[in-house]
Amino acid sequence: MIFYLVLALAILFFVAYYFGSTRANAMAGGDHSKLHSRPSYHGGYLALVVTVPALAVLIFWGLFSGTILDRMVTSEFATQLADKSIPEIEAILRDARAIAFGGIVGFRDELKEAAAIRYEELSATATWIVVALVAALCALGLYFGVRSMSLRMRARHFVERFAISLLIACSAVAILTTIGIVFSLIFETARFFQKVPFFDFLFGLHWSPQSAFEAAGDQASDKDLGLVFGAVPLFAGTLLITAIAIFVAAPIGLMAAIYLSDYAGPKFRSIAKPVLETLAGIPTVVYGFFAALTVAPAIRGWGEGIGLSVSSESALAAGLVMGIMIIPFVSSLSDDVINSVPQSLREGSAGLGATKSETIRKVVLPAALPGIVSALLLAISRAVGETMIVVMAAGLAANLTINPLEAVTTVTVQIVTLLVGDQEFDSAKTLAAFALGLVLFCITLALNVIALKVVQKYREQYD
Amino acid sequence: MNMMTEAETKMAGETDSKPLNKKMQGEKVNVHYGDKQALFDVDLDIYENQVTALIGPSGCGKSTFIRCLNRMNDTIDICRVSGEITLDNRDIYDPDIDVVDLRARVGMVFQKPNPFPKSIFENVAYGPRIHGLSRNKTELEEIVVTSLQKAGLYEEVKDRLHEAGTGLSGGQQQRLCIARAIAVSPEVILMDEPCSALDPIATARVEELIDELRENYTIVIVTHSMQQAARVSQRTAMFHLGYLVEVDETDTIFTNPNNPKTQDYITGRYG
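So the protein sequences, as listed, match chains A and B.
The working numbering applies: residue -2 is where the first sequence begins, and numbers increase by one.
The working numbering applies: residue 33 is where the second sequence begins, and numbers increase by one.
Since the hints were derived computationally from the structure, they do not count as laboratory data.
Please note that the accuracy of each hint is not assured.
What the hints assert, rightly or not - Listed next, the in silico DMTMM-like pairs over lysine to aspartate or glutamate satisfying Cα-Cα at most 25 angstroms (straight line):
1) A:Lys359 with B:Asp106
2) B:Lys150 with A:Asp333
3) A:Lys264 with B:Asp106
4) B:Lys68 with A:Glu117
5) A:Lys81 with A:Asp28
6) A:Lys264 with B:Asp67
7) A:Lys454 with B:Glu154
8) A:Lys454 with B:Glu195
9) A:Lys359 with B:Asp109
10) B:Lys150 with A:Asp259
11) A:Lys359 with B:Asp130
12) A:Lys450 with B:Glu195
13) A:Lys353 with B:Glu244
14) A:Lys359 with B:Asp77
15) A:Lys353 with B:Asp109
16) B:Lys182 with B:Glu80
17) B:Lys144 with B:Asp109
18) A:Lys359 with B:Asp133
19) B:Lys190 with B:Glu244
20) A:Lys359 with B:Glu174
21) A:Lys264 with B:Asp109
22) B:Lys150 with A:Glu355
23) A:Lys359 with B:Glu173
24) B:Lys144 with A:Glu344
25) B:Lys150 with B:Glu225
26) B:Lys60 with B:Asp77
27) B:Lys144 with A:Glu355
Starting from the given sequences, assemble the full structure and let the hints guide the process.
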């Protein structure tokens, strides 16, 4: 039903638009200079006035019809439902709805059959009310819209203001979603810290949530919970792998960027740059099995060849592959930054008898440094948030170590393992994932803010 | 206007005081950008301790020619230069010549002031540092101060040598660029429309400076302003559509040009 109504409104929209613009044209007698706004705006005005209120009613009904019907049915059967608990009432209503509108019914009884009949009746009435309301709003809109049309009417202002409010609504969706996510993180994290002391979590050296889960049956005390949820090994692991990744990506990416921007011919550049950027498009899972199946065994082989003990999953393997993954970020962003250093500086330096490499080292790179730093920071925040490669190549063992040849784990990996599988939603173990997520969010946010600040400072230099 | 004419006649009058020595010589210089030829058989000599002005309408090849004199055109991939250009009778396009060394001898000041995003001191010290012209910090400081003095900028910036060079005004930035060029002790200074981005007062200051610098350096200047060419130069070369139309002493060019095109251009009939 709603579908047909929306379709009807869409058709009505175009009809009203056509009618409005023709009418405006007729009013002006073909002389557009008499009109305040062009005929198309009059058309738009009429179309909006006719359809938008009706559409609003439809949206409201679509969102809240279920709740309203449930309320009405519950209040009618209040006496029969009085001794039932909330989940029981919900189950009864669910079955009644299934009987009325089709669906899988648990089991039937008299109460449900009766409720189902009421559902059908109410829903039918409601539909007619909505149809009537929509029709009435359209008619009213048409009547007042047409009546208010005049040569001097500011139709363009109306349409443009509507468009602006639509744009504001869209940006509000993005912002509100972000805020919503952050708040849900904060609330779940607060619940977690009711179970596990804040400082034990942030500074604890031992991470084994699995043992907390097993011990839960044996009435583990809160004190024990604090001991198994120490996040330091995770952050140390994240730091170690990120450091290795940046150690790989920074020099390679930067030098590639220098070659691309200052030495490569335009032909080579036009091919190499997109190719480098596709490296960023490879799914990280693919990097992950490359790391797990090729790099990690190779490192193990080399390590044993020179007499080192290397675990089959190592921070080094994950870090190396992650470094390769973020090379395109570093090189592509740095290339843009280096390119944006004015050509006149290069000429100025060359005009003083500096060689190309002197010019790059002493003029171009210092001028581009802030941009390069922000490129690196963006690459770091990407590396910090990376999961798949670490899951596959570095393992799950929360070792507190700085030896890159051992298995380590990272924050993101632990979030995955905490939430995978059937679990109660309010156990300390699941809530820990939210706490980790929040801390990670704060870290990447801080990195992004720093990157942004650096970029701003950089911009001031040339503008 | 009257004053300018006086200054012009005075400067032009001084030319005869020294025997003239050919510092750079261009012979049959042809330049192509890809398929397009930008210069046709240009023969032009640059005399020592003189200011040579290159004038002509936009696109006439004067900037192309000046950029041949220190091989700045090498940085443009599609640019080909043929013919012979010599500096002290040595072909600067000879494969044995190191272009880096050439550019240290033939410095350049650009149209738009382009100080490096470094401090004023570092801007001037840049050239001497890369060429190893100083043995220690004191010597370097001395070079920087003398260069700034010669460029007439020292008094204005002596208290803020370590502030950013990009923070100076346009005219000061251009004089900083001149100081930067002087610091390498070049023999020839090329100036590609050095005043086109400056206001009249800063322009007057730079023109005065150019006249002072003539004592020690050979100067080639590209300019769009007839008055500027008349005020600062001793010789003027007129370019048109890639050809050198006429070259002579500045006062001859401006009072009694041989070629009708020159006559039209300097009187403002086209260009």
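For each hint, the structure was consulted:
Distance restraint check for A:Lys359 and B:Asp106: the Cα-Cα separation of roughly 21 angstroms lies within the 25 angstroms cut-off, and the hinted pair is therefore satisfied. Between the alpha carbons of B:Lys150 and A:Asp333 the distance comes to roughly 21 angstroms, so the proposed pair stays at or under 25 angstroms and holds. Annotation: proposed proximity of A:Lys264 to B:Asp106 holds, straight-line Cα distance about 19 angstroms (limit 25 angstroms). For the hint pairing B:Lys68 with A:Glu117, the CA-to-CA distance comes to about 84 angstroms; that exceeds 25 angstroms, so the pair is violated.
A hinted pair counts as satisfied when its Cα atoms are at most 25 angstroms apart, and A:Lys81 with A:Asp28 does not qualify at roughly 72 angstroms. Among the hinted pairs, A:Lys264 with B:Asp67 is consistent with the structure: their alpha-carbon atoms are about 19 angstroms apart, no more than 25 angstroms. At roughly 20 angstroms between alpha-carbon atoms, A:Lys454 and B:Glu154 fall within 25 angstroms of each other, so this suggested pair holds. For a cut-off of 25 angstroms, the pair hint linking A:Lys454 to B:Glu195 stands: about 16 angstroms separates their Cα positions.
Annotation: proposed proximity of A:Lys359 to B:Asp109 holds, straight-line Cα distance about 23 angstroms (limit 25 angstroms). Distance hint between B:Lys150 and A:Asp259 is fulfilled; the C-alpha atoms sit about 21 angstroms from each other, no more than 25 angstroms. For the hint pairing A:Lys359 with B:Asp130, the CA-to-CA distance comes to about 20 angstroms; that is within 25 angstroms, so the pair holds. Distance check on the hinted pair: A:Lys450 and B:Glu195 sit about 22 angstroms apart at the alpha-carbon level, within 25 angstroms; holds.
Straight-line distance between C-alpha atoms of A:Lys353 and B:Glu244 comes to about 32 angstroms, which puts the hinted pair past the 25 angstroms bound. For the hint pairing A:Lys359 with B:Asp77, the CA-to-CA distance comes to about 35 angstroms; that exceeds 25 angstroms, so the pair is violated. Straight-line distance between C-alpha atoms of A:Lys353 and B:Asp109 comes to about 15 angstroms, which keeps the hinted pair within the 25 angstroms bound. Taking the CA atoms of B:Lys182 and B:Glu80, the gap is near 19 angstroms; set against the 25 angstroms cutoff, the hint holds.
Straight-line distance between C-alpha atoms of B:Lys144 and B:Asp109 comes to about 22 angstroms, which keeps the hinted pair within the 25 angstroms bound. This hinted pair checks out: A:Lys359 and B:Asp133 have alpha carbons roughly 18 angstroms apart, not beyond 25 angstroms. Straight-line distance between C-alpha atoms of B:Lys190 and B:Glu244 comes to about 21 angstroms, which keeps the hinted pair within the 25 angstroms bound. Between A:Lys359 and B:Glu174, the direct Cα distance comes to roughly 22 angstroms. Compliance with the 25 angstroms bound is thereby established for this hinted pair.
Our distance criterion of 25 angstroms between C-alpha atoms is met by A:Lys264 and B:Asp109, whose separation comes to about 12 angstroms. Taken as a hint, the B:Lys150 and A:Glu355 pair is honoured in the structure, with Cα atoms around 15 angstroms apart against an allowance of 25 angstroms. Straight-line distance between C-alpha atoms of A:Lys359 and B:Glu173 comes to about 19 angstroms, which keeps the hinted pair within the 25 angstroms bound. A threshold of 25 angstroms between alpha carbons decides the hint, and for B:Lys144 with A:Glu344 the separation of about 11 angstroms falls inside it, so the pair holds.
At roughly 24 angstroms between alpha-carbon atoms, B:Lys150 and B:Glu225 fall within 25 angstroms of each other, so this suggested pair holds. For the hint pairing B:Lys60 with B:Asp77, the CA-to-CA distance comes to about 11 angstroms; that is within 25 angstroms, so the pair holds. Proximity of B:Lys144 to A:Glu355 is assessed by CA-CA distance (about 22 angstroms); at most 25 angstroms being required, the pair is judged to hold.
Comparing the model with each earlier hint shows violations of hints 4, 5, 13 and 14; every other hint is respected.
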